[in-house]
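*Asks:* Chain by chain, the residues:
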Amino acid sequence: MTSLVAAAAPRRGTTGWLSARWSARRVLRGPVAWLAWGTLVALSVLVLVGPLFVTADPQAQDSVALLPAGTAGHLLGTDDLGRDVLARVLAGGRPFLVVCAAATAASALIGTSLGLLAGFRGGWVDAVVMRAMDVLLAFPLVLVAILMVAVLGGGTGNMIVAITISQAPTFARLARNLTVGEVSRDYVRASRCLGHGSWHIALREVLPNVSGQVLVQTTSTLAVTAGLSSALSYLGLGQDASAPDWGYMVRAGQELIFSNPGLSLIPALLITAFAVAANFAGDDLRDATDLGRL
Amino acid sequence: MAGPRPSVVEVRDLHVDFATDRGPVHAVRGIDLDLAVGQVHALVGESGSGKSVTGLTIMGLTRGPRTTVRGAIRYGGRDLVQADESWMRSLRGRELAMVFQDPMTSLNPMHPVGRQIAETLQVNAGRSRRVARADAVELLDRVGIREPAKAAARYPHEFSGGMRQRVVIAIALACEPAVLVADEPTTALDVTVQAQVLDLMVGLARASDTAVLLVTHDLGVVARYAEQVSVMRSGQILERGPAQAVLGDPQHDYTRALLAAIPRLHGPRRRRLSPVATPG
Amino acid sequence: MVTARLPGTVADAHSTATAAPDPAPAPVWRPDDEPSGWRSWAGRVVHHPVVLRLAQVPVVAFVVTIIVFLVAHLLPGDPVTQLTANVNGITPEEVAQLTSQLGLDAGLADQLRSYLVGLLHGQMGISFYSGASVSSMLADALPATVELAVAAVLLAGLLGIVTGIVAARTQGTWVDHLIRGGATIGFSVPWFVVALVAILVFGVWLGWLPILGRLPTSLTYEPTTGFVLVDAVLQGRPDLIGPWLEHLALPALTLAVTSAGFITRVTRTAFLDAQAQQWVRTARMKGLTESAISVKHVLRNASVPILTIVGLMFGGLLGGAVVTEAVFSYPGVGSLLVEAVTRRDYFVLQGSALVIALMFTGVNALVDLSVLAVDPRLRRG
Amino acid sequence: MSTQIQRDESGNIQVPGTMTRRGFMVNAGILGLGAMALGPFLTACSREAATGTGATAAALRKGGTLTFAIDGTNGSLDPAAYTTLGDWLAVDTICSGLTTADFATNEIQPSLASGWTFSADGLQLTLQLREDVKFHDGTLLTSADVVRTFNRQLVDGDASLPTGASRPLRGATARNIKAVEAVDPHTVRLTLGVPDLVLPGRLSHISARILQAAQIDAVGAQLGTTLIGTGPYKLASLAAQQSITLEAFPDYFGGAPALDRLVFQQVADASTLTAGLMSAQVNASSFVSHSSAVSLKANKAVTVYDVPRRVNVFVMMNVTRPVLADLRVRKAINLAIDRSQICANAFAGFADEPKGYALGAVSVGYDPSLADLSSYDVSAAKALIAEAGATGAKVSLIAQNNNWYPRAAQILEENLKAIGLVPTIELLDAGSFSGRFFDVGAHDLALWERNGYVPDPDEQVGNLLSSTGSYGSKGSGVATLKDKADVLAQIDGYLRSACQTSDDAARRDLYTKAQRLYAEQIMALAMVCQTQNIVVSNGASRLGEASLASQRAQLAQAALTA
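Residue numbers (our numbering), protein chains in the order written: chain A, 555 to 848; chain B, 19 to 298; chain C, 1078 to 1458; chain D, 21 to 582.
Bear in mind the hints are in silico, worked out from the structure with no lab data behind them.
Be careful, since some hints might not be right.
[Said to hold, decoys possible] For each label pair, taking beta carbons as the anchor points, the in silico distance ranges come out as: (1) D392/D to E1170/C: 37 to 43 Å; (2) C747/A to L1196/C: 24 to 30 Å; (3) L600/A to A438/D: 30 to 36 Å; (4) L1151/C to A744/A: 48 to 54 Å; (5) S226/B to T1366/C: 49 to 55 Å; (6) P281/B to C747/A: 24 to 30 Å; (7) G409/D to E1170/C: 54 to 60 Å; (8) L1147/C to K317/D: 56 to 62 Å; (9) S257/D to L1181/C: 30 to 36 Å; (10) L1306/C to P270/D: 31 to 37 Å; (11) A391/D to D1182/C: 43 to 49 Å.
C-beta atoms are modelled at their ideal positions from N, C-alpha and C, and glycine is treated no differently.
Excised from the complex, chain A in its bound form (with noise of 0.2 Å):
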């Protein structure tokens, strides 16, 4: 039932990201929470440490090939080259975890930087900036992923190069929404009248009471760049064929789907379980930064 104390809460948070109020206590609550950061933090630990382990070579070949799982020295057995699956799976992970991390960084810090800006000056700087984002939207991802492979060579770089320039828009498009909503309200004239110049009111005044929304957008990126790995690789971006990263093995074991589904599988459930966990551990980022509901 919808209860008062629910309906009283501050409909804007007043604290940002940087307020020392954000305690551990109030970030890790209930079970989903425990069980999203365990799952990163056990995700992080097997891809780092794991290698360390695991003494078969990913890379080295065999000319007996899909060995089942549990044959002797190969816990999940070996891939359509004879390699070791559980080796690639360890040594895939921190290609793609790179990936993820550095596209999403990256496209959170240009598009919001760029929707602050557009949102901030508006007039013609607003028009144009959101304009040269709807290009950027509007450009099919394949051309860019082809172009970069054929023109600057495959390799998780220009991974990272596509993947922001597919997704730094949609940074840019809520900075913006937002930021514009901030302008008009009292605190930002307030500071306006103390004398504040521009640059210290976007960094100080309006980049905390953003960030929240954009700390939201951040979790639910870095799921949509674990899947496009996958994408761009099916478009032939993921081209370290023999060291490859989660998103490329999923696509490199498709056509064996029928009769080793693991080639594809264990990856695609790696990658999933990643996003989801990133995903609820936005969330309860969030409620701990007080913008969300109880």
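For chain A, the structure is supplied; the task is to place chains B, C and D on it using the hints.
*Replies:* For chains B, C and D alone, coordinates are given in the frame of chain A:
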């Protein structure tokens, strides 16, 4: 103006507790209260004394999984605390009405003002859309808004704070309710507008014999409008009685301390006001 | 005596629509000089911001075309090498002759100018491979993409909004967690794993739904408008509709599952935000039931963010769900673009990129304008 | 959810069920159950499909629609322009050629031409036409149609050609036809530049499909959308990016076909094609990926045909690049390739190691004595590299990013590392790949394949080794080797005379000499294996699968099974 009047609402030994993740909060700790026909009963106290919660509880708006309400609120021969939600819903708007503190957020920004008034007439007075719309314009005129026909089509963000509170009052008194709970109706307004709005509200209420519970922390407002007053602190009523008696000759030292905290126009300029000592 | 708060400026939350937010505070409301009712609403909306916003659509599409033209010609490899890949012992003169025949020997600037001039006259060039005109190829591919986009958005919208509201109404309970978990899984699973599972479960294992193409091969269908539903009515062919829906089911389902999650999240947050407003209490004070409050009051306020996300998604889908079309061999604009990129079929590539850009920015503009229309606060200025 | 995913004995994923809190259980349940259910279910459903009839007893049924999955269709079927393999299969079915090839026995058989004879000096070929052949519009075939069809591609500036026409007939007939004349309404004479006994075989090529003279002059460039031919099926409708629909032509000179309709449907995705075949929504295809063939073979409802392996897979070396200019380096690379692992893992066993260098076991001129040209000797290769001072040299290998290319490229990467080179693999989309492969300045090593559309050794050895062909000038750049000009001339001589003798034994000796000389003196072509296109059917039979293995369609007898 004083003298016994039949009481419309009798509140007996009312307790309201909220369960929060930092332990239970006892907002109201056993109060008794009577509202008489056509009379203004002021409930005064500092913020956090539980006066607003009392008002909301009378309206039945403090129901929910985390709140427990004990005691009795008798109105129309039934105890509102025990009444089920559908009965309370039938009363709200028709016999029980409320005006809130912050006019800026009390109206739905997406609907024109006229439609929001007409809605309560349609729901509670069973009037057709067309009739309700016409009555809404007439109500806007009665609450003192110029060009009511044009104003009815306009949206809340196009009105000043004072104007919006007039609309909220129009909504509340549309069906001439028996009881009006006004929760600090003018605190958010500036002084000049405050007097006009209060005169309007109390005038309309008295005209329709409505019993008014006026929740406020402003003793000046109490002096000017209230017949009865109850002084409330941390969930309990310390003193009750006719307004002139309580203000003129306060029995309880907390009431005296409250009165002493008011700056005087004449009298020494530089004197510090004595702070009101609140218990731990 | 009265604890006067810092007097808040008179409510002048004047509009900050996409047009320049005028920093000078708007004057206090003056009842006499502004018309009210339907005429004023129409007058304000057709006013300045609309024209400005719609004018930006062709500009963006034009910029996209220029960039696509440059990128396409930047890619290594050209159509002539592909056309002659299988011709053994082709002499350089023959290659040069074919290159000039296709007009690729001219400088980039000339080719761009002639392409743009052609566009102004409505010619989008021809495919080097089939000689068919680009506009006719697009006329075939567009209806398929629009049908898929509409079906996917309806499915995703319905699924997303309903689950979003339920999650908001049951906030904090296990239902809320389940829905949010499901939504997150929806848009986190690598999309073509969803497609594969859909193909396996419904196509291979249960055999209920077709997994290929737009219509069964045993049916002859001569498009008049290209929209199967419309043609079925025009040509009096009700037998087309059943198979058409069957073929549309799996691709639309895959797209809906992977995008409904977003709508669920946005709806839930928007609903919770709207429900926490004070005016909801006023509505309750009027004695309205909870569901009446949700429908009449809360939904309208929550509609702005929902409209934005659904609009963005529809725009994206109109761009041709490239990969879903490839997996289900669904002949939309997306697969046309991918084939054209692989074959360096420049005119087809540029034509489809232009159409995708136009549709995408067009839908975005419509979303911005409908937000303007829905929220009265944004209308002025 | 613990990260250690176990598998049971049959390879199915086991997710440990440590379910604790209610919220956690609900979410993990979805993931856990999903994983546990999906693994075995996927393998199970690939074993016996829910639908599909037993294909063992091939009882045939009259009529019906056969759906044949192809890679793509551009919506234009014109023998004078190459668009997609799928489009060319349709051209093969709609039209007939003067001759046709039996891809199982390598023999060239009569088709529209009932017989042919060479003149004494071998410079003229006279063909007699059948007199009972009808076009799809009922008109009779005459020599005028043949002459107009040939001149349309051979004579420059013919108005009836579409803009993108690359006129493949000139390449297919080695630019050797000087004139085409009609002796009488049913006799045609071709005049050649140099004698070429392989010409009748070359006339079975897709670009030599006979069109109707009336339609050429009436419709010209638009002919691709309303193609009229003499084949078993006539063109009913065309939809670019979707399908090509053909209907039976009862008056076909080879007898009325069994099917009512034959539809070539575009199916771009490999796993969707496999699922389509399992669920019988696709009746046949020759575009199945090698790795999918393994799971299709395990499915009782599906038939995976055993067909001749004529497709050559090779690594072409660009001799103009400094790192590959040294013959010893090129020979070392040839010795370094682990062909057995590539055949087993990249092609899932559907390939043979090259015992006869550029000619497979099924081909005329196959000589197993050339097996030593493709031996695998890492230590010898390493020594040669060291001797040439190329240890640690950087070399790039380009390949396409679809089908079997990435797997083969990754094996080659390890093989090159093993002999001391530093390889970088570039997997490119088709457009970028052909752009860089046919540009002698833009690649070092290139992984490529050659599919001969006519089962004659000249289509493989003649093409790959001759210095005048497009591979010689652009792919390997051997034409630029000044110091080897005499060797190249000697090889070209062998290849030319091999086409001027009809005695198979003599042809084999000439090809063996040419290949051994090339391998020992030039070695710009490291043969990897001979593979096939995977031909699969479900609910269909008599598909002429031997020809489909080389992407040629002979579907006149095709029928659905009961």
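*Asks:* Which numbered hints are broken by the structure, listed smallest first?
*Replies:* 2, 5, 7 and 8
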